[in-house]
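Peer 1: What follows is the residue order along each chain.
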Amino acid sequence: MPGPLSIEHLAAAVERATSGALGAHVIGDPQRVITTVAPLEAAQAGALSFLANPRYRRFAAATQAGALVLSEADQRALFPTGSPTCVLIVCEAAYTWFAFAAQALAESTEPAAGCAPSAVVHPGARIDRSATIGPLAVIDEDSSIGAGVQIGAGCYVGRRVRISEATRLHPGVRIYDGCRIGARCLLHSGAVIGADGFGFAPFRGRWVKIPQSGAVLIGDDVEIGAGTTIDRGAMGDTVIEDGVKIDNQVQIGHNCRIGAPSAIAGCVGIAGSATREAGFYTGIYPFMRNRDWERNAVLLRHLDELRERIRRLEAQVRTQQTGSDR
Amino acid sequence: MPGPLSIEHLAAAVERATSGALGAHVIGDPQRVITTVAPLEAAQAGALSFLANPRYRRFAAATQAGALVLSEADQRALFPTGSPTCVLIVCEAAYTWFAFAAQALAESTEPAAGCAPSAVVHPGARIDRSATIGPLAVIDEDSSIGAGVQIGAGCYVGRRVRISEATRLHPGVRIYDGCRIGARCLLHSGAVIGADGFGFAPFRGRWVKIPQSGAVLIGDDVEIGAGTTIDRGAMGDTVIEDGVKIDNQVQIGHNCRIGAPSAIAGCVGIAGSATREAGFYTGIYPFMRNRDWERNAVLLRHLDELRERIRRLEAQVRTQQTGSDR
Amino acid sequence: MPGPLSIEHLAAAVERATSGALGAHVIGDPQRVITTVAPLEAAQAGALSFLANPRYRRFAAATQAGALVLSEADQRALFPTGSPTCVLIVCEAAYTWFAFAAQALAESTEPAAGCAPSAVVHPGARIDRSATIGPLAVIDEDSSIGAGVQIGAGCYVGRRVRISEATRLHPGVRIYDGCRIGARCLLHSGAVIGADGFGFAPFRGRWVKIPQSGAVLIGDDVEIGAGTTIDRGAMGDTVIEDGVKIDNQVQIGHNCRIGAPSAIAGCVGIAGSATREAGFYTGIYPFMRNRDWERNAVLLRHLDELRERIRRLEAQVRTQQTGSDR
Numbered sequence: 001m002p003g004p005l006s007i008e009h010l011a012a013a014v015e016r017a018t019s020g021a022l023g024a025h026v027i028g029d030p031q032r033v034i035t036t037v038a039p040l041e042a043a044q045a046g047a048l049s050f051l052a053n054p055r056y057r058r059f060a061a062a063t064q065a066g067a068l069v070l071s072e073a074d075q076r077a078l079f080p081t082g083s084p085t086c087v088l089i090v091c092e093a094a095y096t097w098f099a100f101a102a103q104a105l106a107e108s109t110e111p112a113a114g115c116a117p118s119a120v121v122h123p124g125a126r127i128d129r130s131a132t133i134g135p136l137a138v139i140d141e142d143s144s145i146g147a148g149v150q151i152g153a154g155c156y157v158g159r160r161v162r163i164s165e166a167t168r169l170h171p172g173v174r175i176y177d178g179c180r181i182g183a184r185c186l187l188h189s190g191a192v193i194g195a196d197g198f199g200f201a202p203f204r205g206r207w208v209k210i211p212q213s214g215a216v217l218i219g220d221d222v223e224i225g226a227g228t229t230i231d232r233g234a235m236g237d238t239v240i241e242d243g244v245k246i247d248n249q250v251q252i253g254h255n256c257r258i259g260a261p262s263a264i265a266g267c268v269g270i271a272g273s274a275t276r277e278a279g280f281y282t283g284i285y286p287f288m289r290n291r292d293w294e295r296n297a298v299l300l301r302h303l304d305e306l307r308e309r310i311r312r313l314e315a316q317v318r319t320q321q322t323g324s325d326r
Numbered sequence: 327m328p329g330p331l332s333i334e335h336l337a338a339a340v341e342r343a344t345s346g347a348l349g350a351h352v353i354g355d356p357q358r359v360i361t362t363v364a365p366l367e368a369a370q371a372g373a374l375s376f377l378a379n380p381r382y383r384r385f386a387a388a389t390q391a392g393a394l395v396l397s398e399a400d401q402r403a404l405f406p407t408g409s410p411t412c413v414l415i416v417c418e419a420a421y422t423w424f425a426f427a428a429q430a431l432a433e434s435t436e437p438a439a440g441c442a443p444s445a446v447v448h449p450g451a452r453i454d455r456s457a458t459i460g461p462l463a464v465i466d467e468d469s470s471i472g473a474g475v476q477i478g479a480g481c482y483v484g485r486r487v488r489i490s491e492a493t494r495l496h497p498g499v500r501i502y503d504g505c506r507i508g509a510r511c512l513l514h515s516g517a518v519i520g521a522d523g524f525g526f527a528p529f530r531g532r533w534v535k536i537p538q539s540g541a542v543l544i545g546d547d548v549e550i551g552a553g554t555t556i557d558r559g560a561m562g563d564t565v566i567e568d569g570v571k572i573d574n575q576v577q578i579g580h581n582c583r584i585g586a587p588s589a590i591a592g593c594v595g596i597a598g599s600a601t602r603e604a605g606f607y608t609g610i611y612p613f614m615r616n617r618d619w620e621r622n623a624v625l626l627r628h629l630d631e632l633r634e635r636i637r638r639l640e641a642q643v644r645t646q647q648t649g650s651d652r
Numbered sequence: 653m654p655g656p657l658s659i660e661h662l663a664a665a666v667e668r669a670t671s672g673a674l675g676a677h678v679i680g681d682p683q684r685v686i687t688t689v690a691p692l693e694a695a696q697a698g699a700l701s702f703l704a705n706p707r708y709r710r711f712a713a714a715t716q717a718g719a720l721v722l723s724e725a726d727q728r729a730l731f732p733t734g735s736p737t738c739v740l741i742v743c744e745a746a747y748t749w750f751a752f753a754a755q756a757l758a759e760s761t762e763p764a765a766g767c768a769p770s771a772v773v774h775p776g777a778r779i780d781r782s783a784t785i786g787p788l789a790v791i792d793e794d795s796s797i798g799a800g801v802q803i804g805a806g807c808y809v810g811r812r813v814r815i816s817e818a819t820r821l822h823p824g825v826r827i828y829d830g831c832r833i834g835a836r837c838l839l840h841s842g843a844v845i846g847a848d849g850f851g852f853a854p855f856r857g858r859w860v861k862i863p864q865s866g867a868v869l870i871g872d873d874v875e876i877g878a879g880t881t882i883d884r885g886a887m888g889d890t891v892i893e894d895g896v897k898i899d900n901q902v903q904i905g906h907n908c909r910i911g912a913p914s915a916i917a918g919c920v921g922i923a924g925s926a927t928r929e930a931g932f933y934t935g936i937y938p939f940m941r942n943r944d945w946e947r948n949a950v951l952l953r954h955l956d957e958l959r960e961r962i963r964r965l966e967a968q969v970r971t972q973q974t975g976s977d978r
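Protein chains in written order, with our numbering: chain Z, 1 to 326; chain X, 327 to 652; chain L, 653 to 978.
Among the hints, a few may not be true.
Taking lysine to aspartate or glutamate pairs in the DMTMM-like style, the calculated list, with each CA pair at most 20 angstroms apart, reads [unchecked claim]:
(1) L:K861 <-> X:E418
(2) X:K535 <-> Z:D242
(3) L:K861 <-> X:E567
(4) X:K535 <-> Z:D220
(5) X:K535 <-> Z:E15
(6) L:K861 <-> X:D503
(7) L:K861 <-> X:D568
(8) L:K861 <-> L:E893
(9) X:K535 <-> Z:E165
(10) X:K535 <-> Z:D177
(11) Z:K209 <-> L:E893
(12) L:K861 <-> X:D546
(13) X:K535 <-> X:D503
(14) Z:K209 <-> L:D829
(15) Z:K209 <-> L:E957
(16) Z:K209 <-> Z:E241
(17) Z:K209 <-> L:E744
(18) L:K861 <-> X:D468
(19) X:K535 <-> Z:E241
In case anyone wonders, no lab produced these hints; they're calculated from the structure.
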């Protein structure tokens, strides 16, 4: 539930969060109070909105938002003399300024620290006093839960798992034995960290399992989507570096190393032992950098047209061949 | 466990369910008792089967089913004078008649209403007396659970969630704070409703999270498959309209609106903010209407042949070019 | 945690496990003690490593592993007179020998048998005395849990489910009513067995559910990955035969039959009623044998180049056409 803040306070919050790196110029009343965020078309007087893509200028021109973050070019084009209804916050990185402001508005009250009576915590686990363990969560032997960590209802934290400070597990996350999660991470429901990688050797018409003896090491400030699975290493570890953001239902195979600060969009699978440099990835297995995927995906939907063009070419070339043979 | 019903009773049940919209003509003994449904090849005397696709006529001709739903054309072709062993139920929408009949046979006994002693229900939640809360389920603050709702074992229902009458959550469904589920919905295990959408702004080589302040609103009569994830809106809500059917492991991004009455088959991902009209969708991201996908998917498996044809054309054109240059 | 074994003991363990089918010749000290497995580049004196692909010969030549499994050809090429630091285990099926040896090193202590006090076990369920039921697991009416079975924390086992001996469910697996799991299976977190297949008939602009009255039957020695979903049959059953290995986030539709001993790699969806012979499958829906997929996947990333080549051809053919028309 976003809390109300004046634009002056919002700007100060963004300034603190960015160490002054995101300059913004306010045109209008800095005392106006903002209570929420909203898209351009739906925003009312108490809402902050943003214009990051010039394609949406016509929505910005008509917005009823109480405040609007936009670039100087957009401001000059749309509101050269300011706006009678809308406080303008002019910033070159409008979307990023908006992101920090939305975080300031969203700051929620922390749950009370402590273990729910229904949680099952092994006596050999170490739980920081400021951590919150939700109802029906299970914390297994020799695990260590850091300061301010929130473990949601029904989560499972295996043996010898280490979770660093201020990380949050939404309900129903499962972490296998021996994995490590850094600080300030966010894991969504249904994520599974550390299941066995898919490794088998053939023997007389059957598959022999390769024991998966590595673990998963997740850095700081990582977000992992709902239903995403990250396999433990076969030998050595699977590594997710600091700041990586992974969408829902992504599958990351054993011994992958995902470089900081990649962002991996929904529904992709990453085969075992892949190493990924920083970038924004989308698509299908074997997945691609976002720009490559978008270029190809369009064609994927029109393969039949490509085939038709090949057919026509073949017919034409055959005709010409016949013609020149004559 | 399907219960026994005479064909006459079955026909009456279908009549009630469809308000008389599905006419059927019975050839044979309407008092024959049906206990179950079965495919044409496996059906025995107590089973109801159906023929919806003329490709399977030879199986229908040899079926040992006690009763068979089929179109008039199929009946005339296969059993012009009726069948000595099989009661024929002649209906133009044979598969739909079968669906309603199978529902009548499958009607199961409801579980006893009430909260399992091991469930953890917040004192601020409102649970209708006729609802069933399974073992080890968690119902959080200010949630409201309607009449006849069944919450399976180990489900999590967050704060301020509203679930309307006769909806069923199979074990291990998770619903984040503030989401709403309509009436008569069916959610399968591992479904996650309302996790954060994937929204980040870039700032100095790292990703800044856009708080996801919308919710997920699900209409009436919606089915959601196992492991499917539907993200909450960034601003504004993600909306699934009445009657939508979604298969397993589908990912629906933030602020999508899925129109009534779409059916979305397994393993697709729908990018954020997509709006879908009614239709039947399959395939991969970016996903397509079923008919478009089927046309393209075949080619996808033969890309190497397309390339080979292009190579041959290039060689031929080169030869002709050389020829005409001479 | 792998336990220490001498190479002589390791070789004996592999011999027992394979009934003597995998011959190996040891060059060096058979009393050397091995404590773990490691990849070629990271292995230290106490580690066993392997060379299965000649591409990695240069890593094998420089490895500091205490023991190395490799083929005779690789041994002759790299270490024709043996190695001063590394015991060589020469075997034609080096990877398979390594797999069995790694299993011997990985043999872990079993958890104490019995039911966790927080588990909810229906009085009508039959639990073998040697089985282990983890904390907050739910075992429903008329289910039967075999000898040595391990049910992880928070699992759900429905009504009339039968799980045979020595099968292990990691935390958070869910098995719907009436399904059967064979012996020595391994199911990973978030797997859902027996959710409804996706079956609907159209009726007046809405979808009518086909009750899914079959079950899922899983054979012996099957492994099922994290987040994988296997739907129950519509009529008749979905069948996974003995020895099948399924990766994470695979979706298997109703009434599929997956033949022994297939291996199905991550993130594929198998449409309803598909029958699969033994093989190794990868890719996307409609999925393909691995070798077909690899051939096509490369092209998928270069569709735009294919289109460019078609464009050039069209231009050339047009030019030639114009030329010959002149």
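Peer 1: With reference to the structure, classify each hint as holding or not holding.
Peer 2: How the hints compare with the structure:
{"no.": "1", "hint": "L:K861 <-> X:E418", "verdict": "holds, 18 angstroms"}
{"no.": "2", "hint": "X:K535 <-> Z:D242", "verdict": "holds, 14 angstroms"}
{"no.": "3", "hint": "L:K861 <-> X:E567", "verdict": "holds, 17 angstroms"}
{"no.": "4", "hint": "X:K535 <-> Z:D220", "verdict": "holds, 14 angstroms"}
{"no.": "5", "hint": "X:K535 <-> Z:E15", "verdict": "holds, 16 angstroms"}
{"no.": "6", "hint": "L:K861 <-> X:D503", "verdict": "violated, 29 angstroms"}
{"no.": "7", "hint": "L:K861 <-> X:D568", "verdict": "holds, 14 angstroms"}
{"no.": "8", "hint": "L:K861 <-> L:E893", "verdict": "violated, 28 angstroms"}
{"no.": "9", "hint": "X:K535 <-> Z:E165", "verdict": "holds, 18 angstroms"}
{"no.": "10", "hint": "X:K535 <-> Z:D177", "verdict": "violated, 29 angstroms"}
{"no.": "11", "hint": "Z:K209 <-> L:E893", "verdict": "holds, 17 angstroms"}
{"no.": "12", "hint": "L:K861 <-> X:D546", "verdict": "holds, 14 angstroms"}
{"no.": "13", "hint": "X:K535 <-> X:D503", "verdict": "holds, 19 angstroms"}
{"no.": "14", "hint": "Z:K209 <-> L:D829", "verdict": "violated, 29 angstroms"}
{"no.": "15", "hint": "Z:K209 <-> L:E957", "verdict": "violated, 40 angstroms"}
{"no.": "16", "hint": "Z:K209 <-> Z:E241", "verdict": "violated, 28 angstroms"}
{"no.": "17", "hint": "Z:K209 <-> L:E744", "verdict": "holds, 18 angstroms"}
{"no.": "18", "hint": "L:K861 <-> X:D468", "verdict": "violated, 32 angstroms"}
{"no.": "19", "hint": "X:K535 <-> Z:E241", "verdict": "holds, 17 angstroms"}
The earlier numbered hints that this structure contradicts are 6, 8, 10, 14, 15, 16 and 18.
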